[in-house]
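Number of protein chains: 2
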Amino acid sequence: MRIILVGFGVVGQSFLKLLVFRHNEFASKYGLRPRIVAIVDRGGAAVNGRGLDVDRILKIKKEMGSVSKDPNDGSPYLSANEVIEKIEAEILIEATPTNIKDGEPGLTHIKKGMKTGKHIITTNKGPLALALPALTDLADHNGVHLRFSGTVGGGTPILDLGRKCLIGDRILSIKGILNGTTNYILTEMSEKGIEFESALRMAQELGYAEKDPSLDIDGFDTACKLVIMANWIMGKKVTLKDVKIAGIRHITLRDLMNYAKKDNTIKLIGSIDEGLEVKPRGISKRDPLCVPGGLNAVTFVSEFAGEETIIGRGAGGMETASAIFRDLIDIKTNLSAKFRI
Amino acid sequence: MRIILVGFGVVGQSFLKLLVFRHNEFASKYGLRPRIVAIVDRGGAAVNGRGLDVDRILKIKKEMGSVSKDPNDGSPYLSANEVIEKIEAEILIEATPTNIKDGEPGLTHIKKGMKTGKHIITTNKGPLALALPALTDLADHNGVHLRFSGTVGGGTPILDLGRKCLIGDRILSIKGILNGTTNYILTEMSEKGIEFESALRMAQELGYAEKDPSLDIDGFDTACKLVIMANWIMGKKVTLKDVKIAGIRHITLRDLMNYAKKDNTIKLIGSIDEGLEVKPRGISKRDPLCVPGGLNAVTFVSEFAGEETIIGRGAGGMETASAIFRDLIDIKTNLSAKFRI
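Those protein sequence lines, which keep their order, are chains A and B. Note that the working numbering gives residue 266 to position 264 of the first sequence, counting from 1, and the numbers run on in steps of one. Note that the working numbering gives residue 312 to position 310 of the second sequence, counting from 1, and the numbers run on in steps of one.
No lab work stands behind these hints: they were computed from the structure. Be aware that one or more of the hints could be misleading.
Each pair may be met inside one copy or between any two copies, as identical chains are not told apart.
Taking lysine to any residue and the SDA-like style, the derived pairs with C-alpha atoms no more than 20 Å apart in a straight line are [claimed, not checked]:
1) K264 to T189
2) K287 to E193
3) K31 to R165
4) K19 to I173
5) K31 to L174
6) K334 to H147
7) K287 to E190
8) K31 to M236
9) K113 to P135
10) K19 to G308
11) K287 to T189
12) K114 to D139
13) K166 to S30
14) K31 to G237
15) K238 to E27
16) K166 to A29
17) K31 to N233
18) K334 to R165
19) K117 to D139
20) K64 to P78
21) K287 to D265
Using the sequences and the accompanying hints, generate a full structural model.
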């Protein structure tokens, strides 16, 4: 199984570490012998059709900043799109940063990957939030799989719970806390009695929030995840423009105090019902959704099995890398079933 | 797909209602055309090779107490074992009550079902807790599937989350609240400030606890579920005798009050780690496991994806019936893959 990895930040590097660490188990237990034939980062690419030396590449990335510095396999002037078009591989892992304006460069990478017959695994929410219905069609048209477990919940299998474990049931609605940064901020405000601006600054100092925190606190990250769940779990053909979005900038300590009097609190909730909506809502502290700190929590309301809630850390390099690995197994399993026909 | 249903209490009847209600969807969406060829209850059996009239059977059960009273298909003198041996079917659904002393009559039903080539779906914890490793071997030996989603968590897909959604990861430990009755009792004690005996009486009056509540409050029900999870999710070959078990009879209101001072509380926790153990433990009220009332909650600690908690109602006729239906789909899917080879 030949893999091209585009985007080599924390998640991409964690995935490679996982490969090294679990190489024998992948082969013996899952019949997976992944060979990384190309990696692309901001500085260029490293390419080797017989498989890159993963240990060496990790070391070069760490010490020299770009895989293109590899003395044997580095190509500083090779772009992601050239690699995707020219290098033969079965799988493209797209792990560049999320951009919700136009989905680039991820969107082009994914489309080019599909058109050249590669199965796609992505951790990039932007292209999915903007174009998931079209990308699903394009995948079908090209006979490839598109998987993205790591985009919702990091390593917590939220998408799989909804799609695989509740099979046979009908999911009527979904609601959840899908963004750890805003949950951390609201929890700190409540528990430490501080205002929004101070809690945001703390989150930034700890590295939970970006310098430009808008993607998180204005609700866009939650909205992207709603779009992905609505398409994958509920079969709705929606994109980001179909989501009503409000963030948490205007929430004051006083608002939280008022809710606390009735043993309630305020959380940024994304919901899929008749429509898709992100907004701060009051919820009971007894509600399983009411999780503290940076946790994520999602409740599925199903017609027969009742309400199920899944809770987990919604981010993390190794966690998200483990989701990529689950996607690899899933694609492998589907392909094996197909070849058996 | 011909089905024999042995045990026709709340769960069995809910399953039949689900069949009636969703008949068209089963066929169109999942290619399932289940035909109930026999039902056995305490009063005898109803048998019809071309398929029982499910609506009529439900009515007769309700009005006359036993399916054997059916004027066309009823057989008051036919036993479950005779039906399992003599009636041709692909699936045996075993839904008689749990007995943890010797697993009977369920254990014999399941073994006879396997020996006559039937796939087994059961909601009966007794035979599994006492003999799951042997039953798994027997299923393999006879080339049949054994499924039991409804035995842990009712409709909440706890077993599937552990086995299907965390595939590729390594589950290091599991802990959880697996019994709604004890959780209800402990929650009532804490919130209403009452002693164990009063809370137990309330649970009995509301029908949450049996007249003989030992199975729940002495921890045996939780222990059975641990055994099932340890075998199915973690591949441990254990039975009920491998579990260290303590219940909640000795927990006083004062114990709970003492824990509450530090924002903690006491829950009956089942855990799988080095060994299997059921005992009351103090946990933080911030822990996702700390759910109120009759809810169940299970935390999986996995090596790479982190900690995931799933929460849901752990019982209910329709919920458990929906788990049987998931098992039917799972068996159908496995068989289709096999026939395709």
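Worksheet item: Broken hints, numbered, in rising order?
Response: none
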